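Student: Here's the letter readout for the chains.
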Amino acid sequence: MRKGIIVEPTERLSIDQIKLIDRASVEILEEIGLFCSNEEALEIFNSNGAKIETAKEGSLVKIPEKILRDAIEKAPEHVLLGARDPENQLPLDAMVPRVYYVSGAEANELLEYRDGSFHRKHGKMADLADSAHLAEHLDNLDAFIRNVNIQNEEVTDENKDVLKFFLSLDNCTKHVMAGLTRGDSLDEVLALASHVAGGEEELRNNPLISFICCMVKSPLQFVDDTTSTLIAVARSGMPLVTSSSPQGGSTAPITEEGMLAQINSEILAGIVLSQMVRPGTPVLYGSVPTRARLDDLLDSYALPEFGQYNVGCVQLARYYRIPCYSTAGVADSKIPGVQAAMEKLLSYLYVTASGPQYLHYAFGLLNHTATFCPLQAVLDDAQIDIVKRILWQPTITDERVRDAIQQIQQVMGSSTRLFARHIRKSMRAGEVYPGYPFGSKGDEDETIEKAAQRLEKIRGLEKKTMEPSIRERIIKDIKGLHIIKEKGL
Amino acid sequence: MSEILENIKTMVIQGKPTQEDEGYDDGLIGKPGVVELTESALEDSIPPKEILDAFSDAMEEVGRKYDEQEYFIPDMLASAEAVGSAMEILEPYLLQAGTEMKEVFVIATVKGDLHDIGKNIVSLMLKGAGYRVRDLGSDVGADSICDTVEQEDASFIGLSALLTSTMQEMSVIIQELESRGIRKKVKVLVGGAPLSAEFAEKIGADAYCEDAFEALKTTEELR
Numbered sequence: 006m007r008k009g010i011i012v013e014p015t016e017r018l019s020i021d022q023i024k025l026i027d028r029a030s031v032e033i034l035e036e037i038g039l040f041c042s043n044e045e046a047l048e049i050f051n052s053n054g055a056k057i058e059t060a061k062e063g064s065l066v067k068i069p070e071k072i073l074r075d076a077i078e079k080a081p082e083h084v085l086l087g088a089r090d091p092e093n094q095l096p097l098d099a100m101v102p103r104v105y106y107v108s109g110a111e112a113n114e115l116l117e118y119r120d121g122s123f124h125r126k127h128g129k130m131a132d133l134a135d136s137a138h139l140a141e142h143l144d145n146l147d148a149f150i151r152n153v154n155i156q157n158e159e160v161t162d163e164n165k166d167v168l169k170f171f172l173s174l175d176n177c178t179k180h181v182m183a184g185l186t187r188g189d190s191l192d193e194v195l196a197l198a199s200h201v202a203g204g205e206e207e208l209r210n211n212p213l214i215s216f217i218c219c220m221v222k223s224p225l226q227f228v229d230d231t232t233s234t235l236i237a238v239a240r241s242g243m244p245l246v247t248s249s250s251p252q253g254g255s256t257a258p259i260t261e262e263g264m265l266a267q268i269n270s271e272i273l274a275g276i277v278l279s280q281m282v283r284p285g286t287p288v289l290y291g292s293v294p295t296r297a298r299l300d301d302l303l304d305s306y307a308l309p310e311f312g313q314y315n316v317g318c319v320q321l322a323r324y325y326r327i328p329c330y331s332t333a334g335v336a337d338s339k340i341p342g343v344q345a346a347m348e349k350l351l352s353y354l355y356v357t358a359s360g361p362q363y364l365h366y367a368f369g370l371l372n373h374t375a376t377f378c379p380l381q382a383v384l385d386d387a388q389i390d391i392v393k394r395i396l397w398q399p400t401i402t403d404e405r406v407r408d409a410i411q412q413i414q415q416v417m418g419s420s421t422r423l424f425a426r427h428i429r430k431s432m433r434a435g436e437v438y439p440g441y442p443f444g445s446k447g448d449e450d451e452t453i454e455k456a457a458q459r460l461e462k463i464r465g466l467e468k469k470t471m472e473p474s475i476r477e478r479i480i481k482d483i484k485g486l487h488i489i490k491e492k493g494l
Numbered sequence: 557m558s559e560i561l562e563n564i565k566t567m568v569i570q571g572k573p574t575q576e577d578e579g580y581d582d583g584l585i586g587k588p589g590v591v592e593l594t595e596s597a598l599e600d601s602i603p604p605k606e607i608l609d610a611f612s613d614a615m616e617e618v619g620r621k622y623d624e625q626e627y628f629i630p631d632m633l634a635s636a637e638a639v640g641s642a643m644e645i646l647e648p649y650l651l652q653a654g655t656e657m658k659e660v661f662v663i664a665t666v667k668g669d670l671h672d673i674g675k676n677i678v679s680l681m682l683k684g685a686g687y688r689v690r691d692l693g694s695d696v697g698a699d700s701i702c703d704t705v706e707q708e709d710a711s712f713i714g715l716s717a718l719l720t721s722t723m724q725e726m727s728v729i730i731q732e733l734e735s736r737g738i739r740k741k742v743k744v745l746v747g748g749a750p751l752s753a754e755f756a757e758k759i760g761a762d763a764y765c766e767d768a769f770e771a772l773k774t775t776e777e778l779r
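The listed protein sequences correspond, in order, to chains C and X. All letters in the first sequence, in the order written, are residues 6 to 494 by the working numbering. All letters in the second sequence, in the order written, are residues 557 to 779 by the working numbering.
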């Protein structure tokens, strides 16, 4: 398993405040309800005791408290996310604040640094393969969510899902997660993953892929196609995220209590559906609350309220004993630089401190998630390293205090009275931060150039592609993957 | 190369001056350090020059590891300290054997100033590079420094100060060297947070060194 970082969780909300939000969500689910146009979901809700009412705009699902509580009880506290390399598995425990960092988004734009300047383009299959390879080699990246929207001419809605899962799995041995463009491609994707895992049972034991289901459009509306996907994924028994991303100020209240009450209702509604379909479905509480900017109403992931919303959600997930999929590390800035660094570092630090199990959007995202920049991902890896070290739990013990006194005594008896030589043991034990890798001692800021050099070095590292015979068989057996060979990938 | 010289090199690279030093490798706890090994080598009648060469080879390896970012400053200092400690034992043997050694380097924090961290680091680095360092400590006046230069036939002086009020003392020391007629015999290197190359030039020093690495590099260049 990967180590991640265990933190002493920051508790922003008191238990009384959490209970107030919980009560508000119960009231929203019982009395306001969610619009739902998905017939299958309406049938499932209806047959499991939820109330279906007909309103002017369509059907409304209202979930009684008892049904909500039953579903929360059925949702597992422990969820295993598998990996091609079992060393990279992520055992998520809702009650252990061990944070794993994950990439994310499906950015339409790719920002590359070349010849001293940044260049924008649409992402292609080769770029996703490159990004997955980069993810393999970033030390602090624990799982890969596809972050490049593949926009080759040959990519269609029919083959997009198998292509993105194949390219991710082929270039990264860590856990792979994605949303499905089409719910009906689930069977092909699962067949692909079974091949990689070594069989269907092996895939169940080592679920090396999982699915993001954004089943709700805020405020409080089940989306037809993604709700179908949620139902299909839940039936398969694979891990899934019930994700909601309301924007405080436009699609949700801007106040902390309003945002939390609504997003909590939306996420819980998805969890209820998943547990109605298949009790015990491994599910992550997927919270992606953002705040509207006041100048252009775009999603901001960098304003102070963003951190507050997200920390509140982490606490709510812990209250329900469900592993939390949270959010940090997206800049409003369109390019790497001072603004991006400031925006990212603040959310990494605050949201990590609250102890979510699965922190996504953490690598390379700029421009409100519209842009993925590989060089920024390298910079982010270094920032996350700093954050992890800041939040390490103290290791003070009686034995270590005795050692410290002995060290002070030794140095006091030396001619130089320097502690420098004693750094070495701590340094080699990984206890001492070696220094920002992209810093400069001179008057010039060399951060971008140094990160670019690091990126090029990583790009030259070994590709850990699948075993050739398995790879060949997958490309032959899974419909839509022939393009891989045509593209020379 | 004999086994004992190989062990000396290993322990210099490990930065382990003495047996009791814990080092960073638990596998070496309790094993003899550079000091004990140097004593054993001398008892075994290994020529002092060969021991000195082993120090030099090992420090080159330490430098290489530093360049390749396998080692950091604490490693360099630990290795330099190990060599420095052993040099105190080896130096009389080298002198007796007439072995050519590096020059005497007198170093001090100037009068009125007690800040000696930087000076200590430079001192360690110079010892590690094989210079015969005479570290006079901190709050040292012009007379004491000039006396030592004369007595030890020193070729270099390193002066350190952290305060704008005390750095003026460096000028007093250079004037004292002039008045004793020994200014041309020694190269004067100055350093410390408030100093600059302009200040060094103004007081008639030979070089301003921004950090310990530059001090060592400048010394090598001025030899």
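No lab work stands behind these hints, which were simulated from the structure alone. Among these hints, one or two may not hold up.
What the hints assert, rightly or not - Derived SDA-like pairs (lysine to any residue); straight-line CA-CA distance at most 25 Å:
#	chain 1	residue 1	chain 2	residue 2
1	X	Lys621	C	Met432
2	X	Lys587	C	Glu111
3	X	Lys773	C	Glu111
4	C	Lys492	C	Glu111
5	X	Lys773	C	Phe424
These numbers were taken from a predicted model, which means no experiment stands behind them.
Student: Is the straight-line distance between the alpha-carbon of X:Lys773 and that of C:Phe424 25 Å or less?
Tutor: Since the Cα atoms of X:Lys773 and C:Phe424 sit roughly 24 Å apart, the hinted pair holds (cutoff 25 Å).
Student: Does C:Met432 sit within 25 Å of X:Lys621, going by the straight-line distance between their CA atoms?
Tutor: Holds: X:Lys621 and C:Met432 sit about 15 Å apart, inside 25 Å.
Student: Given the hinted pair C:Lys492 and C:Glu111, is their alpha-carbon gap at most 25 Å?
Tutor: holds, 21 Å
Student: What's the verdict on X:Lys773 and C:Glu111, does the C-alpha distance respect the 25 Å limit or exceed it?
Tutor: violated, 52 Å
Student: If you draw a straight line from the CA of X:Lys587 to the CA of C:Glu111, is it 25 Å or shorter?
Tutor: violated, 57 Å
Figure legend: structure checked against the earlier numbered hints; hints not met, in rising order: 2, 3.
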